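Please model the complete structure; the sequences and the hints are all you need to start from.
If you read the sequence shown in the numbering used here, its first letter stands for residue -6, the second for the next number, and so on.
Hints are supplied without guarantee of correctness; some may be wrong.
As the list claims (entries may be wrong) - The calculated DMTMM-like cross-link candidates involving lysine to aspartate or glutamate, where the alpha carbons are at most 20 angstroms apart (straight line), are:
(1) LYS194 - GLU130
(2) LYS237 - GLU130
(3) LYS223 - GLU130
(4) LYS223 - ASP51
(5) LYS304 - ASP294
Unchecked claim - Using C-beta positions, here's what the derived DEER-type ranges look like:
(6) ASP205 - GLU259: 20 to 30 angstroms
(7) GLU55 - GLY91: 32 to 42 angstroms
(8) THR131 - GLN260: 51 to 61 angstroms
(9) GLU27 - ALA111: 13 to 23 angstroms
(10) SER92 - ALA34: 45 to 55 angstroms
(11) THR189 - HIS305: 52 to 62 angstroms
(12) ALA42 - GLY132: 15 to 25 angstroms
(13) ALA111 - ASN302: 47 to 57 angstroms
Since the hints were made in silico from the structure, they are not lab data.
These figures come from a predicted structure and were not determined experimentally.
Each residue gets a CB set at the ideal place from its N, CA and C atoms; glycine is no exception.
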Amino acid sequence: MPTTLAAQLAALELGHLSITADRGTRALARPEPEAIDHTLAAVWSDLFALFTDTILEDQAEELGWGFVNLFHRAATKASTRIDRATDEIRLLLATADGSEVHTSELEQQVERAQDAEAEMLALENLRETAASLYLAETGSSWKPAGGSRLSHDALTTSAVVQGREFLKARAEGKRRAVMPEGTPVVFAGGRQTFQTTDDAKAYGDAIWQTLDRVRANVADMVLVHGGDGKGADRLAASWAERHKVPQISFSLDTRLGARAGFRRNEQMLGLKPRYVVAFAGNGVLERLVIQAKERSIAVVDRRGPLGTNPKHNARVTGASVAR
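Structure (structure tokens):
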């Protein structure tokens, strides 16, 4: 189901009610992208300079998350107003009597919806700019505490969609325009500890380089992952953010207890991915790899030390022993 107001109006055959941008003395222009970039960059820089070498320095990442979330919450509220206005439009259409009063009320409701949409797009642009600053500061892709991070404007960063919302929308036949369209690639990897900083960097580089190679073969790639805020998922999400690759994040359903990980495996494989990219993890991840192979899904296996191919690592070790 399309979510842009223009698409919804077209579906309701309301092209004749299109309201122009010129509404008298009221200015509805969105902030200029360049102004957004410069202003938020300056605010961000001053804010985090304030934290440096103070008791708040350890809280900088959490405070940065909250800064981005300010715009996200406001955009979500505007989106809700669009939905309410659209419902009112449908109701007015169902009770149309052809009167001038009714037509005027319908046009006013369309105008309210368009105002809310303009606000939502502007706020999403602010959020995406702030999210880019968050990524540069923390190395982590920003995501909301709950729900999805949707981008209705093609010029903004790609959507980050919660898996359950995605599956529900698809099951209802309402796969919206903002839902990621493309070829799913599942990424899986657990949290790791490293003896040295160089090892940690090598592991992170292996994840990014592997995803680069996969994307070279899948131009319309949609990254599917577990949404863990730490470890391999976080690195993969940051890669997707940098490369503007849409993401579907399947967080664990804690109500399922020990079965949660296996249920998530089923949901991710149910998207029929082109590849499963596997880095080292627990038994649930090992089961994911087995199930993928059973379904003839290609597995990019990087479960060896520091994100290497375990077969290649075994060959090298065997050759060393032989010598």
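Numbers of the earlier hints that this structure fails to satisfy, in rising order: The structure breaks hints 7, 8, 11; every other hint is satisfied.
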